[in-house]
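S.K.: The lines below spell out each chain.
Protein chains: 2
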Amino acid sequence: MSDLSSNIAAWMTVIQRRTETALDHCLPPAALAPTRLHEAMRYSVLGGGKRMRPLLCHAAGEALGADPRVVDTAACAVELIHAYSLVHDDMPCMDDDALRRGRPTCHVEFDEATALLVGDALQTQAFQLLAESELPLITPSCQRRLSMLALLAHAAGSRGMAGGQAIDLAAVGMALTVEELEFMHIHKTGALIRAAVLLGAHCGDADDATLQALGHYANRAGLLFQVVDDILDAESNTATLGKTAGKDAANDKPTYVSMLGLTRAKELCARLRAEAHEALDACLLDTGRLAGLTDYIAERTF
Amino acid sequence: MSDLSSNIAAWMTVIQRRTETALDHCLPPAALAPTRLHEAMRYSVLGGGKRMRPLLCHAAGEALGADPRVVDTAACAVELIHAYSLVHDDMPCMDDDALRRGRPTCHVEFDEATALLVGDALQTQAFQLLAESELPLITPSCQRRLSMLALLAHAAGSRGMAGGQAIDLAAVGMALTVEELEFMHIHKTGALIRAAVLLGAHCGDADDATLQALGHYANRAGLLFQVVDDILDAESNTATLGKTAGKDAANDKPTYVSMLGLTRAKELCARLRAEAHEALDACLLDTGRLAGLTDYIAERTF
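Quick mapping for you: the protein sequence lines, in order, are chains H and A.
Counting from -14, one number per residue, gives the positions in the first sequence under this note's numbering.
Counting from -14, one number per residue, gives the positions in the second sequence under this note's numbering.
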């Protein structure tokens, strides 16, 4: 392991730990009624996950000199949206998946109705967290917080993540072009990754030019994340991934691997990684953490 | 029809029409990709419903001298949350209902996966609407808008409406006390009705004492709405209701009628109606619209 990669690995562990603590604090206690719902919410959010979106949020916040306690709120809000989408995505009427993060999915561990409500309530909790002021002295100004709420909502909604899932549903068994596949992923996973980066930047003192450059970076990093995901889904086994491997092919879903083949998919990764780094260089900030995360995303094996 | 009731009926028609227009404007056009999702979102929100929550929101706004164009935003946000909850509540894993507002439910007209995403995206849209500033000159201050976002989120989430649905699920086949039934309804329907009233008041210049008095009113009005709903469910037929009649009994769900009997349930209505009016009198405002709506809720037949 090089010095740089051991450096980013140590930083990731620190951020993952503080994110776990922050998520634990922002979720209702399991002892609070309705206890089964709150238990299922905590089960679905805590104790697993790479926390890629909180990591990107903190890395962007660090580049802008943001207070990490403020970034925690934004990072948790994004992660709650991500967690809600996984719970709903795993349900029988969607991907019908039994395994997530090495454990039974929410509807398997609890039941379908509870999983539906868990996803609903986690989404609400994300917006509640951004709207409620628990750190009044250090939070961004209220106008900025409204912008952050609007940004997260736009990324999560029908013109973002939820829209991407609808496009994904419609694409099953279809012959897509690579451009159409990219359009789907820009919505389905890209929108929330972009939101993670921009929310982190909003926690600092980002001007419009910086936000634009970081948005361009996030678009490349988001696609890179997805192409790597497709490669891992094709190459790995279930035990390594902690979720069902090979399910895209089994579900007849178009992926970068099924459309480009493994070799060209890996070439695409290399190009996206280079473009992501170029976008960071254009920011004229100390974006070392974002650069390190980009390399981690490109090289990850699970 | 008395002068007073014809007066409130005419006002209700005006508000229902402006709400329909406002909802139409705040939903993405059906021609925008993903078109099936946007079509299903519009199907689930437009062209039906009593718009009770927007009516309460506007009535409270009027009592506080709020600009009705500002109230439109709050009213739509509450109605989108309500609409999302109906779409998810009707799904097979919840109440499994085929009829809503006289039409096939969303998952019947489209499919289950689309209905899941419709509910998800409508919830997001509600928060996006409150967060985005389209009327900068006349909207409430940004601090107040953050309070409104937090209020709506709290009412919709696991400690409000979604929590009430979880309690409802757990109550099927259980022997509840009337106090436990009230606890469920205060969450399941009461929280959002209270939010509708308080958001309307927030659009005007409401002080804390007024918000407290209106909150007390809304608690009574919300329960009144639910008890009347239970009575109508027991007494009406499906054609009149526009949704499946008698389903509470068929689903072995506790209701005020099943627990108290019809006579005592009607006595409870009369008491809640009187208490709601008393709470309005304590506001020391011109709450004529809220009073008229309370009488409408108590006397409604569908």
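Hint data in this document are derived by calculation from the structure and do not stem from the laboratory.
Among the hints, erroneous ones may be present.
Unchecked claim - Take a look, some chain A residues computed to stay more than 12 Å from chain H by CB distance:
{"hint": "1", "residue": "33"}
{"hint": "2", "residue": "160"}
{"hint": "3", "residue": "255"}
Unchecked claim - A few chain A residues that face chain H, going by a derived Cβ cut-off under 10 Å, partial list only:
{"hint": "4", "residue": "10"}
{"hint": "5", "residue": "12"}
{"hint": "6", "residue": "134"}
Here a beta-carbon is modelled for each residue, glycine too, at the ideal position from N, C-alpha and C.
S.K.: Verify the interface restraint on residue 134 of chain A: the C-beta must sit less than 10 Å from at least one C-beta of chain H.
M.R.: At 4 Å from the nearest chain H Cβ, residue 134 of chain A passes the 10 Å test, so the hint holds.
S.K.: Does the no-contact call for residue 33 of chain A survive, Cβ to all of chain H over 12 Å?
M.R.: Holds, since 20 Å exceeds 12 Å.
S.K.: Min Cβ distance, residue 12 of chain A to chain H: is it shorter than 10 Å?
M.R.: Holds, because the Cβ-Cβ distance from residue 12 of chain A to chain H comes to roughly 9 Å (cut-off 10 Å).
S.K.: Since residue 160 of chain A was said not to touch the interface, does its Cβ keep a gap of more than 12 Å from each Cβ of chain H?
M.R.: Label holds. Min Cβ-Cβ 18 Å, cutoff 12 Å.
S.K.: Would residue 255 of chain A pass as off the interface with chain H, using Cβ distances and a cut of 12 Å?
M.R.: holds (30 Å)
S.K.: Holds or violated: is the Cβ of residue 10 of chain A closer than 10 Å to a Cβ in chain H?
M.R.: violated (15 Å)
Comparing the model with each numbered hint stated earlier shows that hint 4 is the single one that does not hold.
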